[in-house]
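Asker: Here is how the chains run, residue by residue.
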Amino acid sequence: EAGVVQSPRYKIIEKKQPVAFWCNPISGHNTLYWYLQNLGQGPELLIRYENEEAVDDSQLPKDRFSAERLKGVDSTLKIQPAELGDSAVYLCASSLGGTSGGVHEQFFGPGTRLTVL
Amino acid sequence: GDSVTQMEGPVTLSEEAFLTINCTYTATGYPSLFWYVQYPGEGLQLLLKATKADDKGSNKGFEATYRKETTSFHLEKGSVQVSDSAVYFCALISNTGNQFYFGTGTSLTVIP
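Those protein sequence lines, which keep their order, are chains R and A.
If you're matching positions, the first sequence starts at 1 in this note's numbering and goes up one per residue.
If you're matching positions, the second sequence starts at 1 in this note's numbering and goes up one per residue.
Hints may be right or wrong, so weigh each one.
If you anchor each label on the Cβ, the simulated ranges turn out as follows [to be verified]:
| hint | chain 1 | residue 1 | chain 2 | residue 2 | range |
| --- | --- | --- | --- | --- | --- |
| 1 | R | Gln80 | A | Lys52 | 37 to 47 Å |
| 2 | A | Glu16 | R | Lys16 | 45 to 55 Å |
| 3 | A | Lys52 | R | Thr76 | 32 to 42 Å |
| 4 | R | Gln80 | A | Glu16 | 47 to 57 Å |
| 5 | R | Lys16 | A | Gly9 | 34 to 44 Å |
| 6 | R | Gly40 | A | Val82 | 20 to 30 Å |
No lab work stands behind these hints: they were computed from the structure.
We treat Cβ as the ideally placed atom computed from N, Cα and C, and that holds for glycine.
Looking at chain R on its own, in the form it has when it is part of the complex (with noise of 0.2 Å):
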């Protein structure tokens, strides 16, 4: 079974420049999550989505970042326009999810790395 798919694994780009990051959850999982991961530390939740709808997404930075998750499978993460400060590791996760109870193991994709000059 394919595991949690991103692209690209590394971006480097200048500040004040877009970008954008792509993800494949697990196939029939509904809920899938963004993450930042600045280094040395534990990931940090940006967004949370429940199929096609964002359930969570009190810490996402709206002023530049977005997020969409059309049809309730891949998702993109944009950053416009990137910070210095923006450079960290992007990871999304996906796990089955849903509001009726239990928990739920995440599934975590490798990550895109990126570098903001």
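Since the structure of chain R is already known, use the hints to place chain A on it.
Answerer: Same frame as chain R, now just chain A:
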């Protein structure tokens, strides 16, 4: 709010040494607890989990017991191998939602 505090690293051990990585948590209700491992250049992988008090999660020789009285979920392994070198993250999810809270990670290096 909910949070996880784990032992700071880095940790360096010789092969076959005993490993303990401490993790304590703060949460309302009864969270589920996890240990994830991140090998160099890879995404996080679930190592083990425990969903209620006194449960013991185990996998690949690693163990952790959910201790409600001490709000802890310490990771242990009796004999580490070079291949265990990685970053280990303790995490919780509350029983009221699907949001994970991760610790800051503990880097482990095992030397031959």
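Asker: Identify every previously stated hint that the structure contradicts and give their numbers, smallest first.
Answerer: The structure breaks none of the hints.
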